[in-house]
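Chains as they are written, first to last, in this note's numbering: chain A, 1 to 245; chain B, 1 to 776.
Where hints are given, some of them may not hold.
Unchecked claim - Distance windows between CB atoms, simulated:
# : chain 1 : residue 1 : chain 2 : residue 2 : range
1 : B       : G336      : A       : T224      : 44 to 54 Å
2 : B       : G466      : A       : K159      : 23 to 33 Å
3 : B       : K202      : A       : K159      : 53 to 63 Å
4 : B       : I213      : A       : K137      : 57 to 67 Å
5 : B       : N144      : A       : E151      : 52 to 62 Å
Claimed, not checked - Which chain A residues face chain B? A few, computed with CB under 10 Å, are given here:
#  : residue
6  : V7
7  : D16
8  : G49
9  : A220
10 : G222
11 : V238
Quick caveat, the hints were computed from the structure, so don't treat them as lab data. Glycine is no exception: its CB is placed at the ideal position from the N, C-alpha and C atoms.
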Amino acid sequence: MKFGVVVFPGSNCDHDAFYALGNVLQKPVEFIWHQSQDLANSDAIILPGGFSYGDYLRTGAIARFSPVMKSVEKFANSGGLVLGVCNGFQILCEAGLLPGAMMRNSGLRFICRHVYIRVEQTDTPFTNAAAKGQILKIPIAHSDGNYNCDEATLAELEKNRQVIFRYTTPDGSGGRFATAQEADDAGNPNGAVHNIAGICNRGRNVAGLMPHPERAVEAALGSTDGLTIFRSMIEALVGAAKATA
Amino acid sequence: MATAATEIKVTPEIAAEHGLTAEEYARVQKIIGRDPNITELGIFSVMWSEHCSYKSSKVHLKRLPTRGKLVVQGPGENAGVVDIGDGLVAAFKIESHNHPSYVEPFQGATTGVGGILRDIFTMGARPIAVLDSLRFGEIIAGRNTSEEEAAKNRRILDGVIRGIANYGNCFGVPTVGGEVCFEPCYSQNPLVNALALGIAKKEEIFLAKAKGIGNPVIYVGAKTGRDGIHGASLLASAEFTEDSQQKRPTVQVGDPFVEKLLLEACLEAMQTGAVVAIQDMGAAGLTCSTTEMASRGGTGIEIDLAKVPQRETGMTPYEIMLSESQERMLLVAEKGREHEVLAVFNKWGLDAMVVGQVTDGGLMRVKDHGNPVAEIPAHPLAEEGPVYSRPLAAPAPRVESEKDWFAFTPEGTSLTQNFVKLLSSPAIGSKRWITEQYDTSVRTNTLAGPGDSDAAVVRIKDPKTGVVKRALALSTDGNGRWCQLNPRVGAMHAVAEAARNVAASGARPIAATNCLNFGSPEKPEVMWQFSQVIDGVGEACTALGTPITGGNVSFYNETLGKSIYPTPVIGVLGILDDASRVLKIAFREDGDLILLLDGSTPVVGAKHAAPSLGTQREFSSSEYSKTIGGIVAGEPPAIDLSAEKRLIDCLVALAAEGSLQSAHDISDGGLAVSLAESCFAANGLGATAKLEENGPAEAALFGERGARAVVSVTPAHLARVLNTARQYQVAAHELGKVIRDDAFRIQYEGSAVIDSSIPALRHAWAYSLERAVKNA
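Just chain A, with the same shape it has in the complex (with noise of 0.2 Å):
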């Protein structure tokens, strides 16, 4: 099993990635570099968050055609798992293998805290290890996190069940919200849309989440509910690997 994190020039925290893979899980990883187009045999992919070419025009919007994506697109439509985190999630959604765009914030500044997010299924190679409706604390650091979708796509999304991760308040009563302090009393710290997080592709495979799972990996941090993430695609992996076996 190996593990490859996508190195972006801008990507700042494709370390963080590294270090939670390699050393608090003690799983192969390495770095892969955005020219290129060998992904080094990973199992699967994680693209981190930073800020990839500066992201002067719109997060994600050049990342996307470097010429690791197009592996990285090959990859994913064959059923690899990919995990993009922040910057990752916004590159996904500008390579078009998840749905969606993000907007600014709607306070308009980036945000630095711990939130708390709802495991809304657990029948993804990412939330396999956990419970469903499990409240997990991660931390996000983003300006443009606020996730927004068409109607229908989000009529979709919900249907499909692939709203995989919910903002929440720390008892997982956050609900519903006008305004946007009403949105950040119900624990949803940047407008997003149905409260949403995170979500994975029909195939269920590619993923995306604003929370940085690597930086709640040890006690020390603060947290370790982003391991049950990591851990959920190591399952996923020894799983699939006794199928083939």
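Dock chain B against chain A, hints included.
Positioned in the frame of chain A, the structure of chain B alone reads:
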């Protein structure tokens, strides 16, 4: 010397326009043995500007203690370097970017962060944390501030915060701490001081000394444009007048994305072993980097400007040499191995060009398409600039009497309302609105971010193995109000508070960096303040064992003739041998005992020393006096450095033995604020405390005397803590208890002086900045 390339004939008048005095101009003529051409004049003017040459401060800075057994590199390089064990070193430094941040808050602040980050990775160290020490004018209209003024200050605050966030967040370094204060004197002249910390392997530290005749000189990074020309000389080294907005073109523009690429490329290039020396292009750009590298290396340097990557066409040699375009570096490579270095920069998509070579003879020779445009001996240019022993004059002593001082509220009155008002002031209130705009957790090292502990604490992952053992703690502090009232004592407090904060996080203070913000050095009373502050910083750093390893002096912080408070900002670095022993401010459990540790009463269990006759005078310099009474007068609290040292050593020992539940020093707002903040940081805990002291209740609750900390301890550990405190001759006075209840109650000599609930107090405190800002 050919002057064909430049047509302007240099006259003493033009020299004066460049900020050079008649004597300085004569010195220029003497060094080069003729009249300079315009490019050479420009070079001299920036190198000899106050900002680059330290000509007014040099004679005083010599008095600072700079040596220590852990100091690997003291002042004079891009950053100070200290040994942190296991073959690793920490590089850290603080720098100001005050004037640019007033003229153009976003870009001014953003490039301030960019500049200090480059100073760190130029040394071969990967930046792991940034702190920002900020001073603004009042953001709420009031006694000394009109609504128009307050609105302007809010805009500056907003731009500065966005600027800092923009750079650090994109670059990928956590902004983990710092402080922000508001005083009317900073209204026309905010202070933006940025501190960066990085780590490297000890044997992989890089210095900026050009070596090896014939070695190629390589320009890397962003292209050179016309931005920031004369930033160092005209913007940073002169006071503001009414037309300061016209100086906007002298402000640089930052690109954190390019800086991130430059970081990765520089560290990778250094690993090739083909890099001999490296220096960033900050203030005075290409001029300063070429001159200083040659001067430090005892060599000459020759470059051709035609090879310098340029963003614009038609730039003159003068403009190229003086541009302060950001995200650029100059490096010297080993001859024959330049392709290895160029390849790394090409990989990262950055410009990299061989622009010249190291020469012997000590001359800085600048050519343009082969034609010489400047020839100046590098060493005299860098090291033999003017040095001034400017006149000092103590101001006339302030004549104050009791009526100028804070009048204490009659005994027996509830102080709850005043306390709520204090908590909701921008000075004391939560800084969450600011710190949430910073990425505080990237790089997954942050053990204590803003508000978690008295200092910011980041762990050290071994660069190769990722193994964590130690952590570093950092705090920046400086009370300008106290320095205005008594510069020497105020400066000692700045050092003591930073060191105390570091100790309250559990770390042993080991070194310091300073950013000295003052008015015009041409005013004798400002130079007197400066000299007093140097004495105070020196004395305190010696007493507390924290040598100064670097920093920066910022003069001319005045507008229309009015100076800011003298504002030394001290950054203290500490080391925690066991990263798991971080102390935080939050109370932890119901039933824990709250103790007041006091280094100034060397008898365990004794009541506090009776307040001196100066209580009222001393209290008039407090945050409470300013916020509640509108009075800023008197003297800062008397300081006892040996008491500070005892408390620091005691806190470090208590952290190491793991016997404390929480620790929080007493500073702005006094004991009552410390107690409340320890409750706010906890989840669902309150506190009850009883104080018995002689004197007014307000002095006991809100007085800011140093050498004190509030700690909490489980009943089981109480005996151990008392024993350790006794060993360090620190008084431990039992104040009260942590309770699982919303209540927050303080009794003073038997009567309830503060009686409130945590939710009510928290509401006042938590949203104070948001309320102030959204008032806009």
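Item to complete: Quick one: which hint numbers does this structure break? Sort them smallest to largest.
Response: 2 and 11
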